[in-house]
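At position 100 of the sequence shown the residue is numbered 127 (the working numbering), and the sequence of numbers has no breaks.
Among the hints, erroneous ones may be present.
When the alpha-carbon atoms are kept at most 27 Å apart in a straight line, the in silico BS3-like pairs for lysine-lysine are as follows [as the list claims (entries may be wrong)]:
no.: 1; residue 1: LYS82; residue 2: LYS72
no.: 2; residue 1: LYS140; residue 2: LYS72
no.: 3; residue 1: LYS72; residue 2: LYS90
no.: 4; residue 1: LYS140; residue 2: LYS90
no.: 5; residue 1: LYS140; residue 2: LYS82
Think of the hints as simulated: they come from the structure by calculation, not from any bench.
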Amino acid sequence: MHALSLTLDSITCHGTSETRGGGDDVYIIFQVDAGFPIRYPGIGKHHSMTDNDNKNATWNINKTLHFERDLLITLYDQDPNYINALSEYLVSHDYQPNFTSGAITLTNPNGAKYTLNVTRNSTGQEG
């Protein structure tokens with residue numbers, strides 16, 4: 028029984044990990060309650076994002092996930108050969124039961140800067 032529900036509304040790019048003016052080919056790994064990783068938008072798929080082009084600065088996702096203990100959301104930059112092990116880590120955040128709706132901005136030393144916009148949903152099962 029999952030007591031919490033989170034909707035990842037969107038991701039906004041403020042800086043990419045690419046140093047030559049390129050963008051990041053972003054995909055997400057969701058890990059619910061330390062379970063199996065789930066890739067979004069799917070194997071071999073990604074969403075191209077840049078920080079200087081408004082049409083690619085925000086990725087509207089609207090994906091709802093249910094969890095009890097924690098929900099880890101990790102962003103990666105897709106490897107050109109679609110090999111997950113060679114993809115570049117961008118940022119991650121571990122949502123705990125006490126999280127609130129809103130935005131959190133995350134950075135890494137390679138220049139990646141992303142904001143996760145989430146909504147806490149009422150499931151009617153929370154204690």
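Hints, one by one, checked against the model:
1. LYS82 to LYS72: holds (18 Å)
2. LYS140 to LYS72: Measuring from Cα to Cα gives roughly 21 Å; hence the hint holds.
3. LYS72 to LYS90: holds (16 Å)
4. LYS140 to LYS90: With a Cα-Cα distance of about 21 Å, the restraint between LYS140 and LYS90 holds, given a limit of 27 Å.
5. LYS140 to LYS82: holds (17 Å)
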